[in-house]
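Those protein sequences? They're chains A and B, same order as listed. Per my numbering, residue 1 is the first one in the first sequence, and the count goes up by one each step. Per my numbering, residue 1 is the first one in the second sequence, and the count goes up by one each step.
Honestly, the hints are just simulated from the structure, not real lab data. Every residue gets a Cβ at the ideal spot worked out from N, C-alpha and C, and that includes glycine. Wrong hints could be hidden among the right ones.
Calculated cross-link-like contacts (lysine to any residue; reagent style SDA-like; alpha-carbon spacing at most 25 angstroms) [what the hints assert, rightly or not]:
1. B/269 <-> B/116
2. A/7 <-> B/86
3. A/7 <-> B/206
4. A/7 <-> B/31
5. B/202 <-> A/7
6. B/63 <-> A/7
7. B/269 <-> B/155
8. A/7 <-> B/34
9. A/7 <-> B/33
10. A/7 <-> B/40
11. B/63 <-> A/29
12. B/79 <-> B/206
13. A/7 <-> B/3
14. A/7 <-> B/269
To give an idea of the chain A side of the interface with chain B (calculated C-beta under 7 angstroms), a few residues [as the list claims (entries may be wrong)]:
15. 25
16. 71
17. 72
18. 79
19. 83
20. 114
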Amino acid sequence: MAADSAKAGALLFVAVVLQLSIMSQITILGGHPNLLLVTLVCVSLLRGAVFGAVAGFGAGLLADTGVFGTLGFTALLLTLAGYWTGRYGETTGRDRAHAPMVSIAVITLLYQIAALVLRYMLGQNAPGGEVFAGLFPTILLNLVLTFPVYALTRRLLRPREWAPREVRLLG
Amino acid sequence: MAGLVVLALLLITISFREPTSGPLHGVQSAGATVLRPFEVAAERVARPFRDVYGYFAGLVHVKNENEKLKAEVNDLRQKALLGEAARAQNTRLRKQLKFVDSPVFPSDYTAVNTRIIGWRNEFDERVVIAAGRNAGIHQETPVVTSDGLVGSVTQVSGSAALVTLLTDESSAVQARDQDSGAFGVVRHGEGASSLIVDRVTKDKRVAEGDVIVTAGTRSKQYPSLFPANIPIGYVVSVGQSDTAPFKQIQIQPFVDFSSLDAVTALITKKQIPKAP
């Protein structure tokens with residue numbers, strides 16, 4: 001567990017640094033790839049809901065610090081993203097080859113909308129038109145990133161052997 | 001999970017309500033300082049790849065741009081000759097009048113040239129620069145490039161600072177039409193990264209192609225953060241309606257905010273005059 005945490009921590013730290021210094025400059029057809037979100041989703045799928053939520057909180061806090069953003073903003077969004085993906089990985093998405101792609105597509109969509117709503121609620125700039133115009137390219141770019149990132153994450157964090165759930169019959 | 005969500009909400013609330021000098025922002029500044037070397041290293045590794053991409057992307061538009069620039073060079077040569085004569089006359093007359101002036105751009109400012117280490121995204125019109133309090137930068141320091149005005153510093157740590165761009169919703173600059181002398185306020189327009197000149201009354205003359213520069217301080221109650229005569233952009237459209245009290249002026253900024261790379265923070269060498 002400790003080794004897993006260290007590996008996931010290092011992976012997410014590198015993802016935060018790359019996201020802030022390199023990926024945030026890339027705009028293709030109005031879409032912005034989010035390496036941090038993709039990495040978090042991959043980690044959460046392999047390690048479950050609680051691990052995903054904690055990893056999301058830590059990585060989000062680091063990202064907020066790096067850009068002088070509202071502290072807790074990205075942390076909140078990534079906590080929810082990590083938890084939801086982790087739950088999906090533990091239940092329906094378990095052992096399914098398409099789980100990373102489905103998770104990335106859905107989480108990217110929800111993340112962008114949630115960020116927009118949260119910013120609107122905080123009275124900050126919430127350019128809905130721009131975000132929705134770039135939504136599809138952003139999802140595509142994140143899906144492209146998913147292949148190498150999931151392969152790397154799987155190499156570092158071996159998939160768990162999920163314990164078969166015991167079903168007890170009453171009576 | 002619930003605990004983390006509550007903690008995040010708590011952090012958002014404190015971060016949002018606390019002044020920038022508060023303890024949480026202090027912790028954030030320290031964190032940014034720790035993270036900075038990693039960001040700089042990653043940026044340096046990526047730079048050659050970015051340059052190669054930029055080179056090939058630039059080739060696509062190079063022919064059209066070349067023709068446009070040639071015409072611009074001819075025009076600017078003529079203006080430079082006229083400007084040089086006017087400048088010499090201005091210096092001579094100031095000397096004769098023993099004119100006392102507020103800090104003048106660029107001669108009364110020290111330039112701190114620095115790299116951008118954190119970029120804007122679809123939500124934020126802000127960037128992080130790799131110089132902070134240790135380099136003499138403080139809150140409200142104006143930031144420019146060789147093309148024109150970029151924005152101002154809104155948060156600063158020892159070795160980094162947050163620059164809010166001119167295109168951000170919260171930015172507004174007192175500006176002047178260099179050709180007609182009409183005053184207004186440059187602020188964020190309707191579209192993404194678009195700028196408008198607001199508060200220009202309909203009796204003022206503003207034409208397409210006019211150059212808009214910073215106006216400096218015009219009100220003793222609200223001194224401008226920016227020195228006068230920093231280029232901002234040129235007018236691309238002017239409109240007015242019977243019902244609106246002001247002209248609708250859209251400008252194209254000289255600075256390409258989508259490809260900012262290095263910027264200059266301007267630190268004044270002279271005391272900025274304050275109204276008694």
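Hints, one by one, checked against the model:
no.: 1; hint: B/269 <-> B/116; verdict: 24 angstroms, holds
no.: 2; hint: A/7 <-> B/86; verdict: 66 angstroms, violated
no.: 3; hint: A/7 <-> B/206; verdict: 61 angstroms, violated
no.: 4; hint: A/7 <-> B/31; verdict: 21 angstroms, holds
no.: 5; hint: B/202 <-> A/7; verdict: 64 angstroms, violated
no.: 6; hint: B/63 <-> A/7; verdict: 50 angstroms, violated
no.: 7; hint: B/269 <-> B/155; verdict: 21 angstroms, holds
no.: 8; hint: A/7 <-> B/34; verdict: 20 angstroms, holds
no.: 9; hint: A/7 <-> B/33; verdict: 23 angstroms, holds
no.: 10; hint: A/7 <-> B/40; verdict: 23 angstroms, holds
no.: 11; hint: B/63 <-> A/29; verdict: 23 angstroms, holds
no.: 12; hint: B/79 <-> B/206; verdict: 19 angstroms, holds
no.: 13; hint: A/7 <-> B/3; verdict: 24 angstroms, holds
no.: 14; hint: A/7 <-> B/269; verdict: 50 angstroms, violated
no.: 15; hint: 25; verdict: 5 angstroms, holds
no.: 16; hint: 71; verdict: 4 angstroms, holds
no.: 17; hint: 72; verdict: 3 angstroms, holds
no.: 18; hint: 79; verdict: 5 angstroms, holds
no.: 19; hint: 83; verdict: 5 angstroms, holds
no.: 20; hint: 114; verdict: 12 angstroms, violated
The structure shown violates the earlier hints numbered 2, 3, 5, 6, 14, 20.
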